[in-house]
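Novice: Each chain is listed here by its residues.
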Amino acid sequence: MVETIRATSEEMVAEAITSAYGQDRAVEVAGRGSKLPFGRPVRADMRLETTGLAGITLYEPAELVMSARAGTPLEEIEAALAANGQMLAFEPRDLAGLLGTTEGSQTIGGVVATNLAGPRRCVAGAVRDHVLGIRAVNGRGEVFKTGGRVVKNVTGYDLCKLLTGSFGTLAVFTEVTFKVLPAPETEETVVLHGIDAETAVRLMGQALGSAADISGAAWMPAALSEGGDCAFLRIEGFGPSVKARRHYLMETIIGSAIEATVIDAEEGRALWRNIRDVRVFCGRWGQAAWKLAVRPSDAPALLQRLSEQTDGEAFIDGGGAFLWLSLPCPGDAPAGLVRSLLPEGGHATLVAAPESERAAQAVFQPLPAPLAALEARVKASFDPKTILNPGRMT
Amino acid sequence: MRMPTPDPLALGRYQQLIGGLRAIVPGEGVIVDERELAAYESDGLTAYRQLPMVVVLPDTTEQVAAILRLCRDLSVKVVPRGGGTSLSGGALPVADGIVLAMSRFNRVLDVDYQNRTARVQPGVTNLGITRAVEGRGFYYAPDPSSQIACTIGGNVAENSGGVHCLKYGMTTNNVLGVVLVTIDGEILHLGGGALDAPGYDLLGLIVGSEGLLGVVTEVTVRILPKPETARAVLVGFPTNAAAADAVATIIGSGIIPAGMEMMDRPAIHAAEDFIGAGYPRDAEALLIIELDGPEVEVDHLIERVVAIVEQRQASSIKVSTSEEQRLAFWAGRKAAFPAVGRISPDYYCMDGTIPRARLPEVLDGISAFSRKYDLKVANVFHAGDGNLHPLILYDANQPGQLEAAEAFGADILKMCVKVGGVLTGEHGVGVEKRDLMNDQFDEVDLDQQRRVKDAFDPSGLFNPGKMFPLLSSCAEQGRMHISGGALRFPNIPRF
Ligand SMILES: Cc1cc2nc3c(=O)[nH]c(=O)nc-3n(C[C@H](O)[C@H](O)[C@H](O)COP(=O)(O)OP(=O)(O)OC[C@H]3O[C@@H](n4cnc5c(N)ncnc54)[C@H](O)[C@@H]3O)c2cc1C
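Here the protein sequences come in this chain order: A and B. Going by my numbering, the first sequence opens with residue 61, and the numbers climb by one from there. Going by my numbering, the second sequence opens with residue 7, and the numbers climb by one from there.
Do not rely on the hints blindly, as some may be mistaken.
As the list claims (entries may be wrong) - One side of the interface only, derived from the structure: several residues of chain A facing chain B at Cβ under 7 Å:
#1 G93
#2 E123
#3 V211
#4 G216
#5 S226
#6 G265
#7 G405
#8 G406
As the list claims (entries may be wrong) - Taking CB as the label site, the calculated pair distances span:
#9 E301(B) / A325(A): 49 to 57 Å
#10 D279(B) / A325(A): 46 to 54 Å
#11 T66(B) / E71(A): 47 to 55 Å
Said to hold, decoys possible - Far from chain B, by Cβ distances over 10 Å, these chain A residues were calculated:
#12 G112
#13 E136
#14 D189
#15 G299
#16 K445
Hint data in this document are derived by calculation from the structure and do not stem from the laboratory. For clarity, every value in this text was computed on a predicted model and none was experimentally measured. Every residue, glycine too, gets a C-beta built ideally from N, C-alpha and C.
Here chain A stands alone, though its shape is the one from the complex:
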């Protein structure tokens, strides 16, 4: 076990990083550890935990804003929001089941650091679209702030965007401020049965581009869903609106040629939680789980190529914007093969795999050289000695 510091204040974080900076020691940054196995293995001399840096510091429901210390448990935040009929609209995923960590053990800092948004991503944006302000300690041990607590703010560079999804490689967050939104009053999910991926993606695209205003669009093959090949389209909002939009969806977009059923809010919530957390691939120890991002209309052909050239299983989320792929490990379909099947502009992330696999392969899509060089300079502007989570994103 490496030395672990459990910071209980921002000053402690700053002190720890300042001394690591002075001594050229590499620091692994951790919250409660739920997503530590995501990314490449980090070789560090010490670990800095933010769990002692907890608590909601500001919540103004009428202003749609909350601030919390980085180590605040996500459950605490979601409970406080639920008590006011609000939510994190980006629908944070809990990937513990994929990663082999403990379910329900995320911190808000980790959620922001990994920018992992759920099925509502395609309409509500990712975590990065909801972060308003961050206080953090950079790799030089300096406490800095960026953004603020108001939604409309263009004062200075938007470093919140850079920091969100930076996997602890630019700075250690001490406090984050984010936008919250009203939770939908109710929801319904329309299930389309016996539908192939190509038709599903076309219909989901039409629904997303119409007054049906759906907020979830997934497709599962028969191998992964009890009801055969199925598409799921979620409609959320105010009661009368949900009903009207469901009618519109069924009559104008889907038509009578496809068998459709409707599930209610409660059953729907469980269904979407499963999709959000990629439950169908949970417990497949030793397998690799990939998240592929493409233009939605490219998803069906990619699915076809994957089924022809790998032993994997995959389902579609975000109306086709994302494919989740499960592959036997090791070695059956290394990163090179998966990435060679991607359409132009697509990218692939190895979200879950045994450590040896994550050490041997590029977890994140490699960047073209000029972009990689620029990113390295940006990284150095925060962490000149590369002491924060070294190797995690490379």
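Assemble the complex: chain A is given as a structure, and chain B with the ligand must be docked to it using the hints.
Specialist: Below, chain B with the ligand alone, put in the same frame as chain A:
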């Protein structure tokens, strides 16, 4: 406006610069004639003017790359320019630099309805995007009131907002990708068709970077289906506090209106005198609340909003029953700036954001400043997100009034920061607020931003003198002044 001292070496390379640019952009694309250069000497912040060494109008990304390499080699500064509507002096030229005008990049390249995206060149106007897709029932959501003149490239640089960004987000939430050319002439694709690009979110950084990091030569935006219907409610209140309370209650009850605008008594009267929109003259504050979406949803929410404002001391309530009436409700709000311009020789527009709960107290503070400086003020603001646009009325011909207006404005922005808000909600820092940055950020914060700038542009050639305070503490503080007839873009409605 104090700008960094021009670099004599760069000025001395004038002939080399012109020759190099002509070799890259043949024909009429290199402007050197002083009368023609004058068209570029300022932007929407007309108080400041400066002729650049030269204006260049490239046609292709490759030309932009070659121009930037040339400028890097000659140490010549570069000010990118879109529609020139910036209200913070973002496109103000520098004496020892070129203006890189993107007006020839004016094509919509590709609309992908299945994936709901449009790929456009940066010189396309904001409204031009909506025009290109509205035939199929789509639109581009962020709607700055300058939308007929401002370009998407400028919107990206300023992270512009509009009346509808309460529900649909700012530019940053609606842009999926850009092509960026760096000072080294490297052409980078940031984001694009697939969501959540790998690596650091450089796209998110570029949006709102005020032309200080690179030149955007292509933008991919998200397009949305046009809402089936929209209706507005016009509500008068006896006090500002009652109006602010209504705003909080509406949002707190789970309703996110498409837009929620507020005007105070002086603004109501100015608008009413100007166009007679039917606003209640006896009200201290007015709210325009717009709901959009499917018809049943809009009807349902209008009922709920009306019930809420009835309980919040509304003194008058009108609900639009036709598209004409909805537009009539907006007409006074849209005319607020010119209306104020009519009752005062000069006015000065601010753009701070505050936490909404502090609104009554901030309005009281503004009134107190108004008495202190003996200058009138009219307030219009995006109430839903706390973005204030106080308009300070003054007469530049009266000795001392201009200085008083400036001090008044600075006091307002400092108060915004003090109550937990920020210096600028949508107009950008530019030259205008650059020297107030120290009020919101400490040196460590600013140094982190400066190092990010260095990672892109180590020689500081892009848009110098903008966003960061000039090191000298005696730097003159810049302001936006609109003087009688000098207002540019007089036909554009102002929000
Ligand atoms: C009447 C009026 C009303 C307005 N209303 C609003 C409003 O409601 N909401 C709002 O947010 N703003 C508003 N504005 C401000 C202004 O319109 C916006 O800031 C707009 O986005 C500027 O776009 P532009 O094309 O005119 O850019 P310019 O003014 O030409 O430039 C603005 C900045 O962008 C940079 N830039 C431009 N193009 C590029 C490029 N291709 N690559 C890199 N950098 C680039 C420039 O260097 C400069 O820093 C208003 C302005 C006016 C005059």
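Novice: Evaluate each hint against the coordinates.
Specialist: Hint-by-hint comparison with the structure:
no. : hint                          : verdict
1   : G93                           : 23 Å, violated
2   : E123                          : 5 Å, holds
3   : V211                          : 5 Å, holds
4   : G216                          : 6 Å, holds
5   : S226                          : 6 Å, holds
6   : G265                          : 5 Å, holds
7   : G405                          : 4 Å, holds
8   : G406                          : 5 Å, holds
9   : E301(B) / A325(A): 49 to 57 Å : 23 Å, violated
10  : D279(B) / A325(A): 46 to 54 Å : 51 Å, holds
11  : T66(B) / E71(A): 47 to 55 Å   : 53 Å, holds
12  : G112                          : 23 Å, holds
13  : E136                          : 21 Å, holds
14  : D189                          : 5 Å, violated
15  : G299                          : 8 Å, violated
16  : K445                          : 14 Å, holds
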